[in-house]
Every structure is written in C-alpha cells, then in structure tokens.
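For the sequence shown, this note's numbering begins at 36 and goes up steadily by one.
Keep in mind that the hints were calculated from the coordinates and are not lab data. Some hints could be false.
Unchecked claim - The list that follows gives simulated cross-link-like pairs (lysine-lysine, DSSO-like), each with its CA atoms no further than 30 Å apart: (1) K69 x K88; (2) K54 x K88; (3) K60 x K71; (4) K81 x K54; (5) K88 x K60; (6) K69 x K81; (7) K81 x K71; (8) K54 x K71; (9) K54 x K69; (10) K71 x K88; (11) K81 x K60.
Just so it is clear, the structure is predicted and the values come from calculations on it, not from any experiment.
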Amino acid sequence: MGSVIPLKKEIDNSYLELKNLVGNKLENVSQQIKYKLASEINLIHKMTNYHLKSGGKRIRPLLT
Numbered sequence: 036m037g038s039v040i041p042l043k044k045e046i047d048n049s050y051l052e053l054k055n056l057v058g059n060k061l062e063n064v065s066q067q068i069k070y071k072l073a074s075e076i077n078l079i080h081k082m083t084n085y086h087l088k089s090g091g092k093r094i095r096p097l098l099t
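The whole structure should be built from the sequences, with the hints applied where relevant.
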C-alpha cells in the first residue's frame, strides 16, 4: 500500500519575496521588453502582449 505525504502548510513564497525586494525593477524589465519588441505589425504587437501577460522571462534579468 502507498504512503501518504502531508501537504506543506506554508506556500513557498520565494518569487513573491524576490519581487517585493526588487520593487519597481521588475516593472522596468517588462517595460524594456515592451519597448524592444514594439512594432506597427499587428501580429508582432499581439505576440508581445501575449509574452508580457504570460509572466516569465523576468527572473534572469533581475539577477544579472
């Protein structure tokens, strides 16, 4: 028979702690991405918005 593994009572908030630590720098990274990917071509505009709404690609720039 399998064993039961208890769930953690605390959620790992490492990302939130990092986000709070760097303040507005995370927003600056998003703005730089938006600026660099700006285009009058509608498809590229949609792809940029999709990319920014999806979240990722912000941790590495914060750490470098």
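Checked hints:
1. Only pairs whose Cα atoms come within 30 Å are accepted, and K69 paired with K88 is accepted, the gap being roughly 11 Å.
2. For the given pair, K54 sits about 16 Å from K88 by alpha-carbon distance, which is consistent with the 30 Å threshold.
3. This hinted pair checks out: K60 and K71 have alpha carbons roughly 16 Å apart, not beyond 30 Å.
4. Annotation: proposed proximity of K81 to K54 holds, straight-line Cα distance about 26 Å (limit 30 Å).
5. This hinted pair checks out: K88 and K60 have alpha carbons roughly 17 Å apart, not beyond 30 Å.
6. Using a Cα cut-off of 30 Å, the hinted pair K69 and K81 holds, with the two alpha carbons roughly 11 Å apart.
7. For the proposed pair K81 and K71, the alpha carbon gap of about 14 Å is at most 30 Å, so the pair holds.
8. Annotation: proposed proximity of K54 to K71 holds, straight-line Cα distance about 22 Å (limit 30 Å).
9. Among the hinted pairs, K54 with K69 is consistent with the structure: their alpha-carbon atoms are about 19 Å apart, no more than 30 Å.
10. For a cut-off of 30 Å, the pair hint linking K71 to K88 stands: about 16 Å separates their Cα positions.
11. At roughly 24 Å between alpha-carbon atoms, K81 and K60 fall within 30 Å of each other, so this suggested pair holds.
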